[in-house]
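Colleague: Letter by letter, the chains look like this.
2 protein chains.
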Amino acid sequence: MKQYAADTVRKQILSVLAAWGMAPERAEITAEVMVDTDLLGIDSHGISMLPMYQRLIDAGKLDTGAEMVIEREGASTAVVNGGHNLGHSTMVTAMQLATAKARETGVGVVTVKRSHHFGAAGYYARIAVDSGQIGLVTSTTPTKTVVPTRGSRPVLGTNPLAFAAPSANADEPFLLDMSTSTVAMNKVKVYDYLSKPLPAGWVLDGLAQPVTDSHAAYSQLREQQHGGLSPLGGTEALSSHKGYGLALMVQILAGALAGATFAPLREPSDPNDIGHFCLVIDPAFFGDREQFAASVSQIVDTLRAEPPASPDRPVLVPGDIERTVRAERLEGGIPLSDALVGQIRDICTHNEAPFHL
Amino acid sequence: MKQYAADTVRKQILSVLAAWGMAPERAEITAEVMVDTDLLGIDSHGISMLPMYQRLIDAGKLDTGAEMVIEREGASTAVVNGGHNLGHSTMVTAMQLATAKARETGVGVVTVKRSHHFGAAGYYARIAVDSGQIGLVTSTTPTKTVVPTRGSRPVLGTNPLAFAAPSANADEPFLLDMSTSTVAMNKVKVYDYLSKPLPAGWVLDGLAQPVTDSHAAYSQLREQQHGGLSPLGGTEALSSHKGYGLALMVQILAGALAGATFAPLREPSDPNDIGHFCLVIDPAFFGDREQFAASVSQIVDTLRAEPPASPDRPVLVPGDIERTVRAERLEGGIPLSDALVGQIRDICTHNEAPFHL
Chain W
0 MKQYAADTVR KQILSVLAAW GMAPERAEIT AEVMVDTDLL GIDSHGISML PMYQRLIDAG
60 KLDTGAEMVI EREGASTAVV NGGHNLGHST MVTAMQLATA KARETGVGVV TVKRSHHFGA
120 AGYYARIAVD SGQIGLVTST TPTKTVVPTR GSRPVLGTNP LAFAAPSANA DEPFLLDMST
180 STVAMNKVKV YDYLSKPLPA GWVLDGLAQP VTDSHAAYSQ LREQQHGGLS PLGGTEALSS
240 HKGYGLALMV QILAGALAGA TFAPLREPSD PNDIGHFCLV IDPAFFGDRE QFAASVSQIV
300 DTLRAEPPAS PDRPVLVPGD IERTVRAERL EGGIPLSDAL VGQIRDICTH NEAPFHL
Chain X
0 MKQYAADTVR KQILSVLAAW GMAPERAEIT AEVMVDTDLL GIDSHGISML PMYQRLIDAG
60 KLDTGAEMVI EREGASTAVV NGGHNLGHST MVTAMQLATA KARETGVGVV TVKRSHHFGA
120 AGYYARIAVD SGQIGLVTST TPTKTVVPTR GSRPVLGTNP LAFAAPSANA DEPFLLDMST
180 STVAMNKVKV YDYLSKPLPA GWVLDGLAQP VTDSHAAYSQ LREQQHGGLS PLGGTEALSS
240 HKGYGLALMV QILAGALAGA TFAPLREPSD PNDIGHFCLV IDPAFFGDRE QFAASVSQIV
300 DTLRAEPPAS PDRPVLVPGD IERTVRAERL EGGIPLSDAL VGQIRDICTH NEAPFHL
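The listed protein sequences correspond, in order, to chains W and X.
Counting along the first sequence from 1, when you hit position 205 you're at 204 in numbering that gives the first Met the number 0, and nothing is skipped either side.
Counting along the second sequence from 1, when you hit position 82 you're at 81 in numbering that gives the first Met the number 0, and nothing is skipped either side.
Looking at chain W on its own, in the form it has when it is part of the complex (with noise of 0.2 Å):
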């Protein structure tokens, strides 16, 4: 796959959005949230959603040139309606809010409906540790792909939950970026396409049964109106019902509070309404700063310290995957397939926008 500089990925995310009439800086929050998802290996999540917004955007579900506006605010919480354009810039304000009012008060809640995709939930979440805070971010997902426990079709989203803490490091904090379902859809896609069958419990069928045939599952989340992605624990006999509920509990904080659709009650013609919630702790209202980013690394470096079941397999903490590709792509690019690159070739000629890959 051909590799670019994050710079070319950048500029090239930038004249798109341009071209789509989203007001420069926010532009340039987005295109940089995109480029970093991409830098961190998340590819599901950067420059590749160019082509989905493109549909949202014709399909009038999309509105770039929108301001957003905080409707509610207090001294630890607010309230944000996003005026349903992307939720990158949205959310690092919102974070940004957060993380102030956490300054003066120790905590900040802060909410977001009328929302879109944002990307990938651990940049927010760090946005926090930047400045020696604890981040916790969570997404609605406006896609029915998880199949609850004793369920026989999708009916929740993937839910991501991201956490973040400072370390004593500041280059390595903590942080961990999940959906609450076993893996995401595209690893399912990822095994199709290299004809790999699947560990049983990430696709389940319509009697709950794991699905390990790749071509079989992958066709079945596309076409079939039974069975799903399995919540994290995969079955029932490996606790299911605790992945499930935390997806519940994802979708109460960024559904119910946030004041966000339910995917299963949106009718089709509905705008997506996609909701996110922001929490942001100061350790220094519970004790000194540096010592709890002293305990943090002694956490991890516990961990990190641990004999592995295999000699070449490290034990690893949350964050470790994420910061080897980015210093590795930094250096070496980001691989973008040339159907990627085709697909947003066709967008920028749609929009008049240069095209720089």
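Bear in mind the hints are in silico, worked out from the structure with no lab data behind them.
It is possible that part of the hints are untrue.
[Stated by the list, open to error] No more than 20 Å apart at the CA atoms, straight line, and that leaves these computed lysine to aspartate or glutamate pairs for EDC-like:
| hint | chain 1 | residue 1 | chain 2 | residue 2 |
| --- | --- | --- | --- | --- |
| 1 | X | Lys-195 | X | Asp-170 |
| 2 | X | Lys-10 | X | Asp-345 |
| 3 | X | Lys-195 | W | Asp-300 |
| 4 | X | Lys-143 | W | Glu-305 |
| 5 | W | Lys-195 | X | Glu-235 |
| 6 | W | Lys-188 | X | Asp-212 |
| 7 | X | Lys-188 | X | Asp-212 |
| 8 | X | Lys-186 | W | Glu-330 |
| 9 | W | Lys-143 | X | Asp-345 |
| 10 | W | Lys-143 | X | Asp-300 |
| 11 | X | Lys-188 | W | Glu-235 |
| 12 | W | Lys-186 | X | Glu-235 |
| 13 | X | Lys-143 | W | Asp-300 |
Model, not experiment: these values are computed from the prediction.
Following the hints, put chain X in place on chain W, whose structure we already have.
Modeller: Here is chain X on its own, set in the frame of chain W:
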């Protein structure tokens, strides 16, 4: 198994706590929490803990006469020192504090250090619901039982997480109460007792391979220094790194933030120093309180109405099973094994406490 009325169980717990020198108002609350836990069917965390508490007292590690102290307090935050007493009544106070702060500022975060076992985390999350708020509770655990993804030996605890939210029906709150491991030790013990093979992924050996022989698994968990319970997900192929990451999130909130010990860094002679974390959010700061409860009901009712994979096993939501068990036990009593009743008789004799079972 013989069944005992909840009032009898409460009276028995109270008589032991009083003999241990616990202040009457604390003992009342502790007994109430423990009986409620037994009523919900969480048998491993209620009255059956008395023998363990006796061992902690005998080892000089549990101070049942200690007072809790609020060491620091702000508009949205507080830091509590549990004084090495049992965690139950300390946590009830901590959650009441968080609830009061959330009522004023929209959010309350209270941490607890120098605490002990507190039973089931869900009880405390529900305290927020009783005043129409959202509650999130996590706790560290002193025993190393869970092996990190790719690791070869137990280093983490089962680090529980509970989340509760009110629904439109006051008797049916959403209540998720889970360990971040696939299952708790107790479930392996039951399979060992029944000579039933374990689902592959509950217990891993030192090479990160599933152990399915329940006798081998249970004896490994009790006697060996390798392998252990798996984090939620089960195996690395089924994304156990997510359960592992959640266990670390709990450790950071209830341990590093609260200023409590990380079990692997504790010497056997050190106090247990368990830490807890409480978050309460008042939905009235983000919209209408009734609308929020109605949205939660819409979510859970949608799921309960989903067609199940097998007709006789309906789709449930977190809290449903415990509610059913509670109704049964309020009617028919709490089952206690003769072995446990014998142990409690011994405790009563040893402490000259009245025996009521």
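Colleague: Hints first: check each against the structure and report whether it holds.
Modeller: Quick rundown of the hints versus the structure:
no., hint, result
1, X:Lys-195 with X:Asp-170, "36 Å, violated"
2, X:Lys-10 with X:Asp-345, "16 Å, holds"
3, X:Lys-195 with W:Asp-300, "38 Å, violated"
4, X:Lys-143 with W:Glu-305, "13 Å, holds"
5, W:Lys-195 with X:Glu-235, "17 Å, holds"
6, W:Lys-188 with X:Asp-212, "35 Å, violated"
7, X:Lys-188 with X:Asp-212, "12 Å, holds"
8, X:Lys-186 with W:Glu-330, "49 Å, violated"
9, W:Lys-143 with X:Asp-345, "55 Å, violated"
10, W:Lys-143 with X:Asp-300, "16 Å, holds"
11, X:Lys-188 with W:Glu-235, "19 Å, holds"
12, W:Lys-186 with X:Glu-235, "14 Å, holds"
13, X:Lys-143 with W:Asp-300, "17 Å, holds"
Hints 1, 3, 6, 8 and 9 from the earlier list are contradicted by this structure; the remaining hints agree with it.
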